[in-house]
Amino acid sequence: MSQFVETNTLIAPRPEDPTKDRTMILNMGPQHPSTHGVLRLVVEIDGETIIKVVPDIGYLHTGIEKTCEAKFYQQVVPLTDRIDYLSPMSNNLCYCLAVEKLLELEIPERAQWIRVMLNELTRLNSHLVWLGTHAMDIGALTVFLYTFREREEILRIFEHVAGQRMMTSYFRVGGLALDPPLDLFERIQKLNKRMPSKIDEYQNLLTGNPIWVDRLKGVGYLSAEDGIRMGVTGPPLRASGVDWDLRRDMPYSSYEKFQFKVPIATEGDVWARYVIRLEEMRESVKIIQQALDGMPEGPITADAPKIVLPEREKMKTQMESLIYHFKIVTEGFPVPAGEVYQAIESPRGEMGYYVVSDGTAKPYRVHMRNPSFATLQALDTMCKGRLLADVVAVIGSIDIVLGEIDR
Amino acid sequence: MPAITLEKHAVLTEMAANPAVAALSAFGPDFIRDARFDRSELTLTVAPENIRAAAKAAQDAGYNFLEDVTAVDWFPAEPRFQITYHIVSHRHKERLRLRAFVDSVDPSIDSIVPVWVSADFYEREVFDLFGVRFHGHPNLRRIMMPDEWEGHPLRKDYPVEGYR
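The listed protein sequences correspond, in order, to chains A and B. For the first sequence, this note's numbering assigns the number 49 to the initial residue and increments by one for each residue that follows. For the second sequence, this note's numbering assigns the number 2 to the initial residue and increments by one for each residue that follows.
Among the clues, some could well be false.
With a straight-line cut-off of 16 Å between C-alpha atoms, the simulated EDC-like cross-links for lysine to aspartate or glutamate are [said to hold, decoys possible]:
1) A:Lys-114 - B:Asp-158
2) B:Lys-94 - A:Asp-291
3) B:Lys-157 - A:Asp-406
Don't read these hints as lab results, they were simulated from the structure. No experiment lies behind these values; they were computed from the predicted model shown.
Construct all of the structure, not just a fragment, from the sequences and the given hints.
Structure follows, in structure tokens:
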């Protein structure tokens, strides 16, 4: 079997040498419960052993990059939510940082800290979904109910702060959409205090479970060299022993002011990825605590009246603000020509936005570099020679979101 | 942030110690067609036929991780397609943007899959959405759109509602 060019040629028998024709082609998906979206895998198996896995993607392609070209810069923000629907705040942040870099806009510290805090909450949110579904794929149904209990509280916080549970669009170019509600910090504090014991609880449910250990240890091995060669980022790369985290190594949005550890493992298997993500959750809790403790006072939007919408009150009482408001809403704001690439550490790995401006009010080109897209290329390497049932464990461990792969 | 923008000559002289600039300058004075340091991002433009050599040189200079390959359509200007590569160095903690421009007549460029396997999906995406072919790509076929799709959606002359 040299290449999977067409499915028809894949499935067709090979009459030239029937004795060697022992393999079988199996379609996993696009409607498969463990693919977390609509991913189709064409798997070639010899008995139960995997010879080759070819991902077939594009079922969720909605042309978001094309749509962005027809919107004003500010109007792109809601589109970014819909790319990776499990970590909308990371997408918002990455896009806003890219446009702010083009505009060379200084964001007030308070807005930056709130962005960091909400980003870490998003990481918790995303990792909770991952842990619940990953465990469910492997057959441990209980954990799902526990993780979604905490996730529900995070979503309530998101609703409280942004008015939306999932598609938050809370970060805007130039700062935040609204002042955070008064009791926001208390609510996050309450959740954050609870969180470490909850993570212990998940760990108690899984780490000592012999079935869980057997299904995870030694499965889906990826070496550090292969990880770098194949563009793997985030927890899967760190589980292979590469010490690289953009929050620490190329800090953005004042991450350099926070103290946290970057968990590393060297095993490179599904188990290591599980351990790393649990540790990351603990680190996120620490970052949120630091943000709550040291939250600076001040404005939440940049001082740029031509870019940031004026406050409602000012808009209704001051002529100048009314004009700015009208101009921003009807014409957008021009962005100086140039190109920028901004990368952040999303829960799944390196998320990057490449924004090209031609000097008008609409982006000339927006391209998203999504972690899952690149990580999916390593699936074949991780699954080769293993059993078919391990594919499910490996897909769970790389934590893909099809919305961001297909865009 | 202080806005420092350096144009070609300034980049080549003032940033000569930069590992990427040094590695690509070693090929000769005309290898780097254009250079720019803008908003703390380094952009080097090379000729399309040199892209694989440039990628290999960058990799050897410590820029070990290919982050992204994409394209920009400058229709109706010529050369029309800008192929952009983002490469990061884990050692130097620096990012490099390589660019190459290709014409609209039979747009094609060398594939960098021999240098970075991860370019596979990205180049397929560019081929699918822009119609730029990559020489030496192991499996160049559509990745997002159906195989029988007509046209390349991210081209600027492609109607938003598709061909009817």
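A quick look at each hint next to the structure:
{"no.": "1", "hint": "A:Lys-114 - B:Asp-158", "verdict": "holds (12 Å)"}
{"no.": "2", "hint": "B:Lys-94 - A:Asp-291", "verdict": "holds (12 Å)"}
{"no.": "3", "hint": "B:Lys-157 - A:Asp-406", "verdict": "holds (14 Å)"}
Checked against the numbered hints listed earlier, the structure breaks none of them; every hint is satisfied.
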